[in-house]
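J.: Sequence:
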Amino acid sequence: MPLRTFVGGFPFSSSGLNDNAGCYVAKDATGGLVVLDFWLRENDRTNSNFVIMGVPGSGKSAAVKHITLSEFMLGTKLIFIDPESEYKDFCKNLNGNWLDAGGSPKARVNPLQIMPIPRNDVPDETEQGLTDYYDKDEGNGLGDLALYIKHLEIFFSLYIPSLTDKHKAVLKKTLIELYKDFNIDWNTDAKKLKPEDFPIISDIYNKLLEKAGVSKEEGKIETENIYEDLALFLEDAANGADSALWNGPTTLQTDKQITVLDTYSLQSTLNNVKRAQYFLLETWSWNIMSSDRTEKIALICDEAYLMIDPEVPQSLVFLRNVAKRDRKYEAGLFIISHSVVDFLDPKIKMYGQALLDTPCYKILFGTDGQNLEETDKLYNLTEAERELLESKRR
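Just so we're aligned, residue -18 is where the sequence shown starts under this note's numbering, counting upward by one.
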């Protein structure tokens, strides 16, 4: 049904908010229709990002499905990271691409496959220095490998929290040598390579064992121990329970308008595995979102608190930077969670608060206790708004 026809069915309602495009969202307190075009850029509406918060059962999923279904009908491409298998039927009913991203050989992301860094042709005056750090710029910025090594530092820190600075330095040096063995250097254009052209986890595992053997022959006991430690840390990823997730060429692809990356099968695994996999899926999704500036794409991160590690704030920094930069690529980010408190841990507050502040669209459902207090401080609620949230109405 055309939007104009739908709105015409409410001729006596108050004015509400109507963009004359987009989709019906809700009614306001006076019964007026709220019809929004989430891709409209004017005044303070500078991005298409959402933050959706509320206790379990308050209606978050129903709201997300309503908004994303409307966007689907308007042609927006949707990528879901779904830890609770909540969008499986939704996806299949829309002839989408549902993938088990918790170990299926059809949804593998090779951590060592360099995901090309998007080129920034439009300078960002509001983010001094951000362009140089994240984008190649006619040889003045960092290349694909240099930038991706930074991503790998975060990935391995999430997966192996006990890594020391020495471990990280030796691992980085070994990775660079491994890429060289595969004819990949600082000047390589990753877009020209196929998934099979990149090393996999078992390659770095074997390289570490090889380096340990050389160090032993040379009598470098301390270096030998570091290489052996690193190989032991990666044993599971190369040959054990985690090898199904990462040890092999990337097979994850999407050719449908809606893709659900279902990670429900990871819920019984350790937090370090979940966080590392979520970070990889976010990186893969951002690569898709930033590949075409003209295609509207939304990434929906459900149960987003699972993607946060206070000990590795860089993972949250990455998500915050996606939220700040996606507007340049006609992309949007949905952060869906139970509590703002998870994002305001003192170790990550400067990044978590920015992630909650940046979105233009904030939908708050029922809450109470400490979460209500933090929400009040964050968004400066009125007394009426506090009472409404505390009532926990759906």
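Since the hints were derived computationally from the structure, they do not count as laboratory data. Just to be clear, a hint being listed does not mean it is correct.
Claimed, not checked - Derived pair list, reagent style PhoX-like, types lysine-lysine, alpha-carbon separation capped at 25 angstroms: (1) K69 to K330; (2) K328 to K309; (3) K46 to K8; (4) K330 to K58; (5) K58 to K328; (6) K328 to K73; (7) K197 to K237; (8) K358 to K330; (9) K358 to K309.
As the structure is a prediction and not an experimental result, all values here were calculated from the model.
J.: Sort out whether K328 lies within 25 angstroms of K58, counting only the CA atoms.
T.: Cα-Cα ~34 angstroms, so violated.
J.: K69 and K330 were given as a pair; does the straight-line alpha-carbon distance stay at or below 25 angstroms?
T.: 33 angstroms, violated
J.: Hinted pair, alpha-carbon criterion (25 angstroms max): K197, K237. Please report holds or violated.
T.: 52 angstroms, violated
J.: Taking only the CA atoms, is the gap from K330 to K58 under or equal to 25 angstroms?
T.: 31 angstroms, violated
J.: Tell me if the straight-line CA distance from K358 to K309 falls inside 25 angstroms.
T.: 30 angstroms, violated
J.: Run the distance test for K328 versus K73: straight-line Cα separation, threshold 25 angstroms.
T.: Not satisfied, since the Cα-Cα distance of roughly 40 angstroms exceeds 25 angstroms.
J.: Does K8 sit within 25 angstroms of K46, going by the straight-line distance between their CA atoms?
T.: Since the Cα atoms of K46 and K8 sit roughly 17 angstroms apart, the hinted pair holds (cutoff 25 angstroms).
J.: Next pair to validate is K358 with K330; report whether the Cα-Cα distance is within 25 angstroms.
T.: 13 angstroms, holds
J.: Sort out whether K309 lies within 25 angstroms of K328, counting only the CA atoms.
T.: Distance of about 29 angstroms is beyond 25 angstroms: violated.
The structure fails hints 1, 2, 4, 5, 6, 7 and 9 (numbered hints given earlier, in ascending order).
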